[in-house]
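Participant: Numbering-wise (this note's numbering), the sequence shown opens with residue 1 and increments by one.
Don't read these hints as lab results, they were simulated from the structure. Predicted, not measured: the structure shown is a model, and the values here were computed from it. Built from N, CA and C at the ideal position, the CB exists for glycine as well. Check each hint, because a few of them may be wrong.
[Unchecked claim] Estimated spans, in silico, between C-beta atoms of each pair:
#1 Asp130 x Asn57: 31 to 37 Å
#2 Ala46 x Asn114: 19 to 25 Å
#3 Arg94 x Ala133: 23 to 29 Å
#4 Leu50 x Thr23: 21 to 27 Å
#5 Gln87 x Trp43: 17 to 23 Å
[Said to hold, decoys possible] Straight-line distance between alpha carbons at most 27 Å, and here's what the computed BS3-like set of lysine-lysine pairs gives:
#6 Lys58 x Lys69
#7 Lys135 x Lys116
#8 Lys69 x Lys116
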Amino acid sequence: MANFLVDTGVWICLCDERDRAATREEISLIFELIRPHTIVMPWPVAFETLRTRMVSNKIASGILERELKSAPIEFLDDSRYREDAFQLALESSRRGRPLSMVDCLLRLLMEDRNVKVDFFATFNDGDFHDVCAAKGIEMFPGSLDF
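Could you put the whole structure together from the sequences, leaning on the hints where they help?
Facilitator: And the structure:
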């Protein structure tokens, strides 16, 4: 069974029909590919996804709940990455390539040889292409031919 790391934007696109990062068919295909495998869920991604706007929308929160219950989920303790993610976020801004703290944390997780990530679902290929290429992590939907 493969491990899939799913970026916040992909979760939001799944639940919010106003999000145009992918068509309904594309986002359904992404989750059909993910569903039989383990979802690696860092707590900051869960926090970003389950924000007030999402949980206030009964349809969106229902979609998210169904999807989360349809695949095994491994919640990751991110505590050892927090300070480094904080510093990386500040440094990235100074260098002119700003990355959110959560994106920095995701990069650190993927770089960690003790964390198994086989696939990464994101719509922000440019922010993660280098780390995924270096670690042999396949990116979705970038690698899908819609």
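Participant: For the pair supplied as a hint, Lys135 and Lys116, is the alpha-carbon distance within the 27 Å limit?
Facilitator: The hint holds at about 10 Å.
Participant: Is Lys58 close enough to Lys69, meaning Cα to Cα at most 27 Å?
Facilitator: Holds. Lys58 to Lys69 sits at ~16 Å (cutoff 27 Å).
Participant: Holds or violated: the 23 to 29 Å window for the beta-carbon distance between Arg94 and Ala133?
Facilitator: With Cβ atoms ~24 Å apart, the hint holds.
Participant: Could you grab the alpha-carbon distance between Lys69 and Lys116 and see if it respects the 27 Å cut-off?
Facilitator: holds, 21 Å
Participant: Verify the CB-CB distance for Leu50 and Thr23 against the hinted window 21 to 27 Å.
Facilitator: holds, 24 Å
Participant: Per the hint of 31 to 37 Å, is the separation of the Cβ atoms of Asp130 and Asn57 within bounds?
Facilitator: Given about 35 Å between the Cβ atoms, the range holds.
Participant: For the range 17 to 23 Å, tell me whether the beta carbons of Gln87 and Trp43 fit it or not.
Facilitator: holds, 19 Å
Participant: Do the beta carbons of Ala46 and Asn114 sit within 19 to 25 Å of each other?
Facilitator: Distance hint for Ala46, Asn114 holds at roughly 20 Å.
The structure shown violates none of the earlier numbered hints.
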